[in-house]
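If you're matching positions, the sequence shown starts at 3 in our numbering and goes up one per residue.
Among the clues, some could well be false.
[Unchecked claim] Only pairs whose alpha carbons sit at most 25 Å apart, straight line, appear in this in silico DSS-like list of lysine-lysine:
(1) 318 with 303
(2) 379 with 509
(3) 327 with 28
[What the hints assert, rightly or not] The calculated label-pair distances, taken between Cβ atoms and stated as ranges, are:
(4) 29 with 301: 13 to 23 Å
(5) 207 with 322: 32 to 42 Å
(6) 416 with 275: 30 to 40 Å
(7) 450 with 37: 38 to 48 Å
(8) 549 with 490: 17 to 27 Å
(9) 396 with 58: 52 to 62 Å
Source of the hints: derived by calculation from the structure; they are not laboratory data.
Note that this is a predicted model, so its numbers are computed, not measured.
Even for Gly, the Cβ is constructed at its ideal location relative to N, Cα and C.
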Amino acid sequence: MKYNVRDNVFRLNLPPKGICMKFDRKDLSDEHLIKLYRELLLPRMVEEKMLVLLRQGKISKWFSGIGQEAASVGVSMGLQSKDYILPMHRNLGVFTSRGVPLYRLFCQFQGKASGFTNGRDRSFHFGTNEFNIVGMISHLGAQMGVADGIALGEKLEESGQITAVFSGDGGSSEGDFHEAVNVAAVWDLPVMIVIENNGYGLSTPSSQQFRFKSFVDKAKGYGIEGISLDGNNILEVYNRIVEVADKIRSRQKPIIVECMTFRMRGHEEASGTKYVPKPLMDKWAKKDPIDNYENYLVQEKVLTSNEVNDIRESLKSMIDKEWKKSLDEPNVVPEIEKELRDMYKVHAPELQPPGEKGSELRMVDAISAGLKESMKKHKNLILMGQDIADYGGVFKITEGFLDLFGADRVRNTPLCEAAIVGASLGLSVNGFKAMVEMQFADFVTEGFNQIVNNLAKVHWRWGQNADVVIRMPTGAGVAAGPFHSQSNEAWFTHTPGLKVVYPAFPKEAKGLLIASFADPNPVMFFEHKALYRSLSEEVPDGYFTEEIGKAKIRRKGNDATIVTYGMGVHWATEILNELDSASVELIDLQTLVPFD
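Given only the sequences and the hints, what does the whole structure look like? Please build it.
Below is the structure:
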């Protein structure tokens with residue numbers, strides 16, 4: 003690859019008329035072939051512009067997808083516009099072929115307000131429901147579980163839509179990848195898993211990543227279908243994607259699509275490509291997707307050389323115009339109030355007071371009752387967790403729920419917390435509510451990244467809320483050992499974007515749980531196991547709510563104040579009952595975030 007000063011572009015060193023792949027147009031019209039060409043060429047020309055601007059210091063970073071455009075464009079063009087796509091940071095062609103305005107993309111790359119993240123990110127780490135795109139986060143593999151959740155929503159609604167999610171061959175080594183593909187297989191989800199196999203994870207070659215020869219072999223291990231195709235051949239990618247998409251729609255089962263391709267520039271521009279042997283680089287340079295397809299169209303007389311030049315000029319003019327427009331937008335001036343406000347989706351809760359009738363309930367029964375009332379109220383609420391269906395959960399909180407609400411809404415999951423938490427976010431993207439039951443709060447570490455980097459930050463990043471409640475059986479005092487007794491609520495009180503609820507009594511447990519499901523933001527709901535069956539009181543029947551973020555004074559006093567929550571309220575009460583002469587105020591926080 004060389005830099006052409008005169009044209010301000012990067013060019014591959016290719017023979018002028020070289021065609022190194024076989025194209026099969028099938029029954030595609032000339033107009034369709036030209037449309038594919040324009041969509042294939044546009045991201046390349048945008049990238050050429052970005053690389054020049056990067057050298058000039060006009061943008062701060064760039065992850066190049068030069069050489070891999072056919073996979074992005076072929077997949078995007080082969081799907082329906084309502085199908086969700088979850089791309090990665092080299093899939094510029096997904097965004098451009100979906101019609102995302104260049105002006106907004108250029109604002110995004112510069113951290114300006116008309117981008118998609120209010121200037122909080124200068125990369126592709128964003129989503130847009132307007133174009134049915136959900137971007138990745140930096141942690142590879144985390145997008146996979148989200149795709150499962152979106153696809154589950156489509157399956158439940160019988161919409162006929164499918165979900166496509168991209169991964170690199172390096173990212174397939176992540177645990178999130180394995181979990182999500184397994185869930186897609188077990189639940190028969192309409193997911194297309196597109197793997198851009200470019201032979202490297204940054205500088206680490208595939209031989210040091212995995213032992214299998216093809217992801218088709220890997221698909222067999224999950225019990226699903228896999229195909230491999232030439233990821234640089236736009237017609238092969240497009241035609242095969244159309245076929246695969248139709249198959250997924252009709253069969254409602256996932257398929258792995260391996261696109262053999264190559265990244266012609268570094269992982270990011272600073273890393274370079276010195277780790278790539280020159281013969282390998284030369285081999286793939288000859289298979290450049292743009293030049294090969296362009297030469298094919300000219301050879302087949304679909305386009306003339308003059309028409310190719312006209313298309314290039316028109317795209318260059320459009321790119322320059324949209325870039326100039328983005329330059330005129332002022333830089334973002336951060337406002338503390340706005341940053342804090344955008345952590346959560348605005349929610350003005352309508353408090354539902356309790357009725358007069360009640361029943362004596364243990365804490366475990368009150369939580370079950372609150373969950374049941376929420377399932378009746380919210381027909382789009384999906385429960386997910388290990389052993390929560392027939393078995394009713396290890397603490398029997400969902401016992402009988404399968405008969406009441408059915409297997410679509412009460413879902414046993416494989417042992418894979420990361421994929422299921424990711425799926426809860428995907429369900430939210432698709433307009434559902436979700437509950438994830440951690441069998442024990444200790445196991446949340448397996449889904450930690452999804453909670454603190456996806457659920458917590460997604461609304462602040464691009465305005466997508468995570469309508470998710472994660473139930474956390476927590477605490478010690480039941481002789482359960484170090485991995486079933488941890489009180490880990492503090493981990494989440496230090497993560498902006500989450501709400502943390504921790505009731506101490508059955509009545510509040512029911513009301514706060516119902517309120518948590520009414521709240522469209524992610525809630526970590528802690529339930530002390532030692533209180534499940536040791537504490538009971540009269541709990542109002544039916545649907546009622548307690549206010550999230552509101553503490554209660556359990557005992558009045560003037561000499562001192564104890565502020566605590568959960569089991570701490572009962573420890574403090576026990577001690578204060580022994581100190582008859584003390585005048586001590588006891589405050590039960592109930593909610594740790596937001597703090598009253």
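Here is what the structure says about each hint:
Our distance criterion of 25 Å between C-alpha atoms is met by residue 318 and residue 303, whose separation comes to about 23 Å. Among the hinted pairs, residue 379 with residue 509 is consistent with the structure: their alpha-carbon atoms are about 19 Å apart, no more than 25 Å. A C-alpha spacing of about 40 Å is found between residue 327 and residue 28, which places the hinted pair above 25 Å, so the restraint is violated. Between residue 29 and residue 301 the beta carbons are some 19 Å apart, a value that agrees with the proposed interval 13 to 23 Å.
Checked against the given bound of 32 to 42 Å, the beta carbons of residue 207 and residue 322, roughly 38 Å apart, stay inside it. In this structure, residue 416 and residue 275 meet the distance hint of 30 to 40 Å, their C-beta atoms being roughly 39 Å apart. Taking the beta carbon of each, residue 450 and residue 37 are about 44 Å apart, inside 38 to 48 Å as hinted. Distance hint check: the CB atoms of residue 549 and residue 490 are about 25 Å apart, consistent with the given range 17 to 27 Å.
Restraint check, residue 396 to residue 58: a C-beta distance of roughly 59 Å satisfies the suggested window 52 to 62 Å.
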